[in-house]
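Based on the sequences and whatever the hints tell you, model everything.
21 is the number of the first residue of the sequence shown in the numbering used here; add one for each residue after it.
For the record, the hints were derived by calculation from the structure and aren't laboratory data. Be aware that a few hints might be false.
DSBU-like, lysine-lysine: derived pairs with alpha carbons at most 30 Å apart [to be verified]:
| hint | residue 1 | residue 2 |
| --- | --- | --- |
| 1 | Lys-118 | Lys-86 |
| 2 | Lys-118 | Lys-48 |
| 3 | Lys-118 | Lys-35 |
| 4 | Lys-86 | Lys-123 |
| 5 | Lys-35 | Lys-86 |
| 6 | Lys-123 | Lys-35 |
| 7 | Lys-35 | Lys-48 |
| 8 | Lys-123 | Lys-48 |
| 9 | Lys-48 | Lys-86 |
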Amino acid sequence: MSDIAENVAWIEVGKIDDIPQLGSRVVKRAEGDIAVFRNSENEIFALLNRCPHRGGPLSEGIVYGKTVTCPMHNWCLGLRNGEAIAPDEGCAPTYPIKIEGEKVFLSLQQSNECDGWTD
Numbered sequence: 021m022s023d024i025a026e027n028v029a030w031i032e033v034g035k036i037d038d039i040p041q042l043g044s045r046v047v048k049r050a051e052g053d054i055a056v057f058r059n060s061e062n063e064i065f066a067l068l069n070r071c072p073h074r075g076g077p078l079s080e081g082i083v084y085g086k087t088v089t090c091p092m093h094n095w096c097l098g099l100r101n102g103e104a105i106a107p108d109e110g111c112a113p114t115y116p117i118k119i120e121g122e123k124v125f126l127s128l129q130q131s132n133e134c135d136g137w138t139d
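Here it is in structure tokens:
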């Protein structure tokens, strides 16, 4: 997270155990909800809760390794970078996460250069 400005505001979204393993928790906001995911290795990731293909809710998708599969059309996206996995193309905006003890914090400052839509 060294490329994130020091003055970034962080919001607490809960504890690690509040996010289901191989699942997600949704953070509501006016600009679009953010899905906070937890994989089987207890790594935490955050993406805009909209698939870049047709806007499906990524928070309802299947988490496997470092990917999530959209529940609508089975697009797979990398949790680390938000990029669609070939043959699909596009990306979902990602957001920085930091962990302090058991607490999970989210920055609302987008961390990748992605507009979130392919169509």
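Status of the hints after comparison with the structure:
Distance restraint check for Lys-118 and Lys-86: the Cα-Cα separation of roughly 17 Å lies within the 30 Å cut-off, and the hinted pair is therefore satisfied. For the suggested pair Lys-118 and Lys-48, the alpha carbons sit about 18 Å apart, so the restraint of at most 30 Å is met. Under the criterion of a C-alpha separation no larger than 30 Å, the hint pairing Lys-118 with Lys-35 is consistent with the structure, at around 11 Å. Of the pairs offered as hints, the one joining Lys-86 and Lys-123 holds, with about 21 Å between alpha carbons and a cut-off of 30 Å not exceeded.
For the given pair, Lys-35 sits about 20 Å from Lys-86 by alpha-carbon distance, which is consistent with the 30 Å threshold. Distance check on the hinted pair: Lys-123 and Lys-35 sit about 4 Å apart at the alpha-carbon level, within 30 Å; holds. Between Lys-35 and Lys-48, the direct Cα distance comes to roughly 17 Å. Compliance with the 30 Å bound is thereby established for this hinted pair. A hinted pair counts as satisfied when its Cα atoms are at most 30 Å apart, and Lys-123 with Lys-48 qualifies at roughly 18 Å.
Note on Lys-48 and Lys-86: the hinted pairing holds, with a Cα-Cα distance of about 23 Å set against a maximum of 30 Å.
Hint check: no violations occur; every hint is consistent with the structure.
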